[in-house]
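Quick mapping for you: the protein sequence lines, in order, are chains A and B. Quick note: the first sequence, position 119, residue 119 per the working numbering, numbers continuous. Quick note: the second sequence, position 309, residue 309 per the working numbering, numbers continuous.
Everything labelled a hint here was simulated from the structure, so no lab data went into it. Since we're looking at a predicted model, the values are computed, not measured. No residue lacks a Cβ here, since even glycine has one placed at the ideal position from N, Cα and C. A couple of the hints might just be wrong.
Taking beta-carbon pairs under 10 Å as the criterion, some of the chain B residues facing chain A (in silico) [claimed, not checked]:
no.	residue
1	I39
2	E40
3	A119
4	A232
5	T235
6	R237
7	V294
8	K296
9	R300
10	L304
11	T320
12	T325
13	A348
14	V349
15	R350
With a straight-line cut-off of 20 Å between C-alpha atoms, the simulated DMTMM-like cross-links for lysine to aspartate or glutamate are [claimed, not checked]:
no.	chain 1	residue 1	chain 2	residue 2
16	A	K65	B	D167
17	B	K355	A	E94
18	B	K352	A	D84
19	B	K327	A	E50
20	B	K355	A	E50
21	B	K326	A	E86
22	B	K326	A	E90
Label-pair restraints from in silico Cβ distances [stated by the list, open to error]:
no.	chain 1	residue 1	chain 2	residue 2	range
23	B	D205	A	K13	41 to 49 Å
24	A	E8	B	K327	48 to 56 Å
25	A	D95	B	K327	23 to 31 Å
26	B	K326	A	E8	52 to 60 Å
27	B	V17	A	D23	21 to 29 Å
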Amino acid sequence: MTMNFPEELLYTKDHEWVKIEGDTATIGITEFAQSELGDIVFIEVDTVGETIEAEAIFGTVEAVKTVSDLFMPVSGEILEFNSDLENAPETVNEDPYGKGWMVKVKLSDSSNRNGLLSAADYKELIGQ
Amino acid sequence: METNTQVKRTPFYNKHVEAHAKILPFAGYEMPITYSGVIEEHECVRQRAGLFDVSHMGEFILRGPHALDLIQKTTSNDASKLIDGKVQYSCFPNRQGGIVDDLLVYRIKEDQYMLVVNASNIEKDWNWLKENDEWNVEMEDISERTALLALQGPKAVDILKKLTQTDVASMAYYTFERGSLNDTPNVLISATGYTGAGGFELYFDQSQASKIWDAIMEAGNEFGLQPAGLAARDTLRLEMGFCLYGNDINDNTSPIEAGLGWITKFTKEFINKDALLNQKTEGVKQKLVAFELVDKGVPRKDYLIYNSEGSEIGIVTSGTMSPSTKKAIGMGYVLSEYSKLESDIYVAVRDKKLKAVVVKLPFYKQPA
């Protein structure tokens, strides 16, 4: 089974993706992450309005068998949580890069892209 | 006994690889965890049928005039009540008030029994039996050569009927018969399971594994049969409130605390009987309860449980989001004063204490 890792996104070693447009970023988890977690049943993000440093926890994702923290790929203020996921968390399994996005973030002035991976580097990291 | 620590494979390993299962080590075996996804497999078993490879389980044969004596001494249930073709759920109490393992006892015939034990406890159970055997009972560990499939779900009877002359539709729960399956003779067909969905467990020689797997999958095709992994097995058993050794029961939890009084028979002698009888009469400090979360979240093993004043009162032993009820469900030990139905308890999930309520088992009732 081949997995999809869009070229236009950047990735983290914690299996999040980030799409940076101007001073905002959209963040979700990768196809590899959703596949490893299995059926996702609950996503908890109660950090909207908070400014969070890169690599700090902004939420958690609960699958049937396991739970995993969500880490900020970049520093910034959480502007919005994808509220569609409250009633349909399985959307993250079905469309991790599209309708399954998790948060939108306003990038901090100090935010940089150091440490973010290209699609090719991420694929290498997970052995794809 | 097997002492090498290398991860073993069941005789169905290649079938799991062909079916693109996610395979992980479990109790020393590379086992299929999921195939199509835990929720899909869970629903398939509840609504149609699923086929589980549970060949990692251990099987011991005990023979001779004192086989029953050893079983009676080491297990809590009363195996003298068994007749040929009957199965009994039981446990091995230890001498400290805990449980060595839980097991099934099959009476094959007079003076011959099969004990089915958890994969992770095969060596521990074997040694426990040997240590307590004052009669030199003939014991044989047939785990390595025994394949075990669980065909579970409301369509299991229809599927099995196509493959055997044995009247499987008439078999009562917790009975077994020997019969042919496809063209394989001497299959032990047992009307048991760990899902609450009905169905059978099939024990046979591992040399027949590949062709029996294929025959069942083919016979089940018209009924929507799918292979199901250990992840779905766990959510299915938890919806029923069946204990899992290592989670809900272990070396330190007593059968009385665990709600297993119904398999603890004080009308006979067995290891640690007096202490357990004392627990039953005097009451226990903690009890295993079932709960549902009222607040949003998912309980997990080892999360702590609190009362409304914020005092710690217990610990979660199993938890998940129930695929059938869509509720967050769990089991755990709490101080006995909080074990009454409808008691409010609080489960600590990360930095929050989520409200939960003690409920009656099962969490889900399979439609008849």
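Against the structure, the hints:
1. I39: holds, 4 Å
2. E40: holds, 8 Å
3. A119: violated, 18 Å
4. A232: holds, 9 Å
5. T235: Where the cut-off is 10 Å and the nearest Cβ of chain A is about 6 Å from T235 (chain B), the hint holds.
6. R237: Violated, because the Cβ-Cβ distance from R237 (chain B) to chain A comes to roughly 13 Å (cut-off 10 Å).
7. V294: This hint is violated: V294 (chain B) lies away from chain A, its Cβ roughly 14 Å from the closest one there, beyond 10 Å.
8. K296: With a closest approach of 7 Å, the K296 (chain B) hint holds.
9. R300: Because about 6 Å separates R300 (chain B) from the closest Cβ in chain A, which is inside the 10 Å limit, the hint holds.
10. L304: Violated: closest Cβ of chain A sits about 15 Å from L304 (chain B), beyond 10 Å.
11. T320: holds, 6 Å
12. T325: Check failed: Cβ of T325 (chain B) comes no nearer than 12 Å to chain A, outside 10 Å.
13. A348: violated, 13 Å
14. V349: Hint holds; V349 (chain B) Cβ to chain A Cβ min 9 Å, cut 10 Å.
15. R350: It holds, given that the least Cβ distance between R350 (chain B) and chain A is near 7 Å, below 10 Å.
16. A:K65 - B:D167: Roughly 37 Å between the alpha carbons, so the hint for K65 (chain A) and D167 (chain B) is violated.
17. B:K355 - A:E94: At roughly 31 Å apart (the allowed maximum being 20 Å), E94 (chain A) and K355 (chain B) break the hint.
18. B:K352 - A:D84: violated, 23 Å
19. B:K327 - A:E50: violated, 30 Å
20. B:K355 - A:E50: Distance ~25 Å between K355 (chain B) and E50 (chain A) Cα, so the pair is violated.
21. B:K326 - A:E86: With a Cα-Cα distance of about 13 Å, the restraint between K326 (chain B) and E86 (chain A) holds, given a limit of 20 Å.
22. B:K326 - A:E90: Holds, at roughly 13 Å.
23. B:D205 - A:K13: 41 to 49 Å: Holds, since D205 (chain B) and K13 (chain A) (Cβ atoms, about 47 Å apart) stay within the stated range.
24. A:E8 - B:K327: 48 to 56 Å: Given about 39 Å between the Cβ atoms, the range is violated.
25. A:D95 - B:K327: 23 to 31 Å: holds, 26 Å
26. B:K326 - A:E8: 52 to 60 Å: violated, 36 Å
27. B:V17 - A:D23: 21 to 29 Å: violated, 48 Å
Checked against the numbered hints given earlier, this structure breaks hints 3, 6, 7, 10, 12, 13, 16, 17, 18, 19, 20, 24, 26 and 27; the rest are met.
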